[in-house]
Amino acid sequence: MEAVVEELPVILQAFWLTVKLTVVSGVISLVWGTVLAAMRVSPLPVLRGAGTVYVNILRNTPLTLIIVFCGLGLGTVMNVQFSADDLSINSFWLSTIGLSAYTAAFVCEVLRAGINTVPLGQAEAARSIGLTFPQTLRLIILPQAFRAVIAPFGSLLIALIKNTTVAAAIGVAEAALRMKNLFDAHGDAVIPIFLGFAAGFVVLTLPVGLLFGRLARRMAVTR
Amino acid sequence: MRFGACLLALAALATSLTACGKSGASSIVDKAKDDKKLVIGIKVDQPGLGLKKPDGTYAGLDVDVARYVAKELGVPESGITFKEAQSANREPFIQQGQVDMVVATYSITDDRKKKISFAGPYLITGQDILVRADDATITDVESLKDKKVCGAQGSSSPKRLAEKFGAEWESKNLTQQQGYAACLPLLESKQVDAISTDATILAGFATQFPGKFKLIGKPFSTEKYGIGIKKDDKSGRDAINNALEKMFKDGSWRKAIDANLGEFGKFFTSPPPVERY
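Chains as they are written, first to last, in my numbering: chain A, 264 to 486; chain B, 85 to 361.
Only chain B is shown next, with the shape it has when bound in the complex (with noise of 0.2 angstroms):
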C-alpha cells in the first residue's frame, strides 16, 4: 500500500511541475509583433505535410501553411524555429509554452478544445485506404474485414478499424508499425493489402513512389486540420484565421496542396471554412 502511495504522489508530483511549467499568458500576435520570432511545432517525419529533409530544410503543407501564417503575423520566415512536435505531446508543448504554435497534423477535436485553442481548420481531410496499385478487390471500408491492414502505432487510424471489426480481427489483421513509412514495404511485399489513415498522409507516401499505390478516395471519417495555439487567445485565433482566409483567397492554399500532394491534390478541391468560436 505504501508503494501505492508513492505512486500516487509522484504523479501528483508530475502533473504539478507540468503546471507549473506555463509562462505569462500573452497573445501570440503580441508576441510575433514584438520579437518578429515563432516556434512552430509540426511533424517531421510525414511526407507532404511536414518533413525534415536529411539537408536540415523543413517541407510540406503543414510547414508551407505555417510559414503563410508567421509571415501574416509579422514574423519572416529566418524568425521561425521549427520544433518537432510527435502526437502525445502537441497539447503540453502549447500549454507549457514550448511552442507558440503547433501545425501538425492537427485534428480539431473537443477534447483537446479543453486544453488549447484551435484556429483554423486549414485542411479537411478523413480516414482513407491506400491499396496497391493493381488491387481491385478492396472498394471501400467494409471490404479491409478480410484483409490485412498496416497502421502507426500511437496513430488513432488503426484504433478507429480494431473497434469497427473488433479484436480478433484487430489481432489476425492488424498489424502496427513504428510510423506509416514502415507500413509501405509491408503493402508492396504483399505482407498486408492496404494502409489506413488520413487522407493526406497517405498520398504524402504514396506521391514518393509515383504508380505504386492508389487511393481509394473514400473518407470513413472527417479530421479537421487546425493550429493550436495556448488556450482563450482569441486575438491570435483571430489573426491566424484572418492569414488562413487569406491564404484560401490569394492562390497560395491551392499552390501548397498542389506542390506537397503531388497527383493526390485533387482530392482537396477546395479550403474549408475556417471555424471562429
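For reference, chain A alone in the conformation it holds in the complex (with noise of 0.2 angstroms):
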C-alpha cells in the first residue's frame, strides 16, 4: 500500500488525463453522434447510406485497431499534427478522434432507438403544420428522445471513461500506461497497485451510473 500513497500524484495525473480523455471524446461523440443519427433517420438515401456504412464499419471494428491506426496511420504514415513542438498534445487529440469515431457509432445507435420511442403521430403532426424536417427534428423528435435515452447514455459514457485505456496503445500516459510504468518501478507492489487504478475507475464510473440513472427517472418522458 505504501507504492500507491508513495505514487499518488502520478496516479491523479494519470486519472486527470483519463477524465479529460472521456469528457473531450465525450462530447465531440454526442454531436458527432446526433448528426449521425440525424442521417440514419434523414429522408435522403444518400445520408442513410452514408451514415449506415459509417455506424457498421466503425461498431465493428475493435476499438484497439482504431486507435492504432489514429496513432501509426495518420500520426506516423499521414504525418497529422496537432503541435509542433509538444508529442503529449499529438497523441492525446490522436487517441480523441479514435474514441470519438469509435463512441459516437454507438452514440449514433442509442439515439436512435430514443428516436423510435417518439410516436410517429409526432413526425406526421409536425409535418401538417408546415415544418421541414430539420425543423421536426430539432424541436419534436430529438429532444423526446435524447429523454429516453439518458440511462444507456451512462452506460455509453462508462464504457467510454474504461475504453480510453485503449489510448495507451499510442503512448497517451493516462491510467493505463502510468499503471504499466508503476508495475515496473514496483515490482513488488503489483498487486496494491492495480488495485488502486482499479478503485480509481471504481471512483470514476461508479457516480456517473448514479447520476444518470437519477438523471434517466427525472428526465423521462411520461406518456
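For the record, the hints were derived by calculation from the structure and aren't laboratory data.
Heads up, the beta-carbon is just placed ideally off N, CA and C, and yes, glycines get one too.
Keep in mind that a hint or two might mislead.
[Unchecked claim] Lysine-lysine pairs mimicking BS3-like chemistry, simulated, CA-CA at most 30 angstroms apart: (1) LYS136(B) x LYS155(B); (2) LYS443(A) x LYS274(B); (3) LYS443(A) x LYS231(B); (4) LYS308(B) x LYS231(B); (5) LYS155(B) x LYS339(B); (6) LYS283(A) x LYS155(B); (7) LYS256(B) x LYS283(A); (8) LYS232(B) x LYS443(A); (9) LYS302(B) x LYS443(A); (10) LYS308(B) x LYS443(A); (11) LYS425(A) x LYS256(B); (12) LYS443(A) x LYS155(B); (13) LYS425(A) x LYS243(B); (14) LYS243(B) x LYS283(A); (15) LYS248(B) x LYS443(A); (16) LYS167(B) x LYS443(A); (17) LYS350(B) x LYS232(B); (18) LYS443(A) x LYS197(B); (19) LYS443(A) x LYS198(B); (20) LYS308(B) x LYS136(B); (21) LYS283(A) x LYS229(B); (22) LYS283(A) x LYS231(B); (23) LYS283(A) x LYS248(B); (24) LYS137(B) x LYS443(A).
[To be verified] Covered stretches of chain A (chain B as the covering partner; in silico rule of three or more C-beta atoms under 8 angstroms from a C-beta of chain B): (25) 331-339; (26) 350-362; (27) 430-436; (28) 442-456.
The task is to assemble the complex, starting from two chains supplied on their own in separate frames and drawing on the hints.
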C-alpha cells in the first residue's frame, strides 16, 4: 500500500488525463453521434446510406485497431500533427479522434432507438403544421428522444471512461500506461497498485452510473 | 470506509496468496542434476537479447547465455523450457517457483537483491541513445534537452530522462510507446529524434535495419545484467557464476555477443567480472 501512497501524485495525474480524454471525446462523440442519427433517419437515401455504412464499420471494428490506426496511420504515416513541439498534445488528439469516432457510432444507435420511442404521429403532426425535416427533428423528435435514452447514455459514458485505457496503445500517459510504469518501478507492489487503479476507475464510473440513473428517472417523458 | 477496509482485506489476501505459492526451497543445482530439466524466464520481444521467432524457436544473447549455463549445470537443450517473463513479473516468477532462473535483461539492483539472488553479471551496459544515421546534432544525453525522445512503457529508461529534464519536458518531448519496436517507425519518420534505453536493447533493434540508425555509444547509467535465481541459493549462484566464467574464457561469450549484436558488438569489448556475494 505504501507504493500507492507514495505514487499518489502520478496516479492522480494519470486519472486527470483519463477524465480529460473522456470529457473531450464524450462531447465530440455526442455531437457527431447526433449528426449520424439525424443522417440515418433523414429522408435522403444518400445520407441514410452513408450513416449506415459509417456506423457498421466503426461499431464492428475493435477499438484498439481504430486507436492504433489513428496513431500509426494518421500520426506516423500521414503525419497529422496537432502541435509541432508537444508530443503529448499530438497523441492526446489522435486518440481523441479514435475514441470519438468509435463512440459516436454507439451514440448514434442509442439515439436512433430513442427516436423510435417517439410516436410516429408526432412527426406527422409536425409535418402537417408545415415544419421542415430539420425543424421536426430539432424541435419535436430529438428533445423527446434524448430524454428517453439518458440511462443508456450513462452506460456509454462508463464504457468510454474505461475505453480511454486503450489510448495507452499510442502512448497517451493515462491510467493504464502509468500503471504499467508503476509496475516496473514497484515490482513488489503489483497487486496494491492494480487495486489502486481499479479503485480509481470505480470512483469515476460509479457516480456516473448513479447520476445518469437519477437523471433518467427525473427527465423521463411520461406518456 | 467499509469499502476501504474491503480493499485492504483484498490486498492482504492477494499478498498472502503469493506468499503461499513458494515451493520447497532446494538449490537450482540439485534440480538441474536430478531432473535434467529447467524452466528459464526470458524476454520474447527483444531482438538480439531474447526473441521468440515466428517458428517458435528462441534467439538472442540471453538465450545463448541461458543455454550455456543450463548445459554447465547438466541440462541438455531439450530439457530447457523457456517461459516469457515480462519485466514486472520477473521477481514474482522466481519467488513463486514458476521459473528456476531468469535471464531477461535483468539488471542487478540492491532492491531486487532483497527478494531474489543474482549470479553474474554477464554483461554491463548502460542507457544509451539511438539516432538516425544522418543526425549529427545529438552527441550526448545533454543534447536531448530540446529533442523528442521515444521510450517504452514500463521501462525505467524514460523515467530516468524525465527525472533529469523535468515534468514539462516529459509531457512535451517524451512519448512512451508499447515497446521499443514501436519507437523505430517514429524515429524513422522524424516524429522523434532519439530512442533511449539500454545500449544492448538499442543495438538489438538497430541491427535489424543496418545503416539506418546509429548508436551514440556514451552510456549514462550502469546496468549489470545478471541471472536471477531464488534468494539465498548460494550453491546455485556459485555454480552459475562458474559457468559464466567458463563462458567468458572459452570464447563462447564473445561469439554470442558478435552473433546477436552484430555491428554493435564492438561496444561490448570484454566480459565483466562476476560478483560473488
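Is LYS232(B) close enough to LYS443(A), meaning Cα to Cα at most 30 angstroms? 22 angstroms, holds
LYS283(A) and LYS231(B) were given as a pair; does the straight-line alpha-carbon distance stay at or below 30 angstroms? It holds: about 26 angstroms lies between the C-alpha atoms, which stays within 30 angstroms.
Next pair to validate is LYS308(B) with LYS443(A); report whether the Cα-Cα distance is within 30 angstroms. 23 angstroms, holds
Straight-line alpha-carbon gap LYS443(A) to LYS231(B), limit 30 angstroms: 25 angstroms, holds
Are the Cα positions of LYS136(B) and LYS155(B) separated by 30 angstroms at most? 20 angstroms, holds
Are the Cα atoms of LYS425(A) and LYS243(B) separated by 30 angstroms or less? Given that 30 angstroms is the threshold and the Cα spacing comes to 25 angstroms, the pair holds.
Mind taking a look at whether chain B covers the segment 430-436 of chain A? Criterion is 3 or more residues with CB to CB distance under 8 angstroms. holds (count 5)
Taken at face value, is the distance from the CA of LYS231(B) to the CA of LYS308(B) at most 30 angstroms? 28 angstroms, holds
Hint check: LYS443(A) vs LYS198(B), CA-CA at most 30 angstroms. Holds or violated? 22 angstroms, holds
For the pair supplied as a hint, LYS302(B) and LYS443(A), is the alpha-carbon distance within the 30 angstroms limit? 28 angstroms, holds
What's the verdict on LYS167(B) and LYS443(A), does the C-alpha distance respect the 30 angstroms limit or exceed it? 20 angstroms, holds
Under the criterion that the straight-line Cα-Cα distance not exceed 30 angstroms, is the pair LYS283(A), LYS229(B) satisfied? 27 angstroms, holds
The structure fails hints 6 and 12 (numbered hints given earlier, in ascending order).
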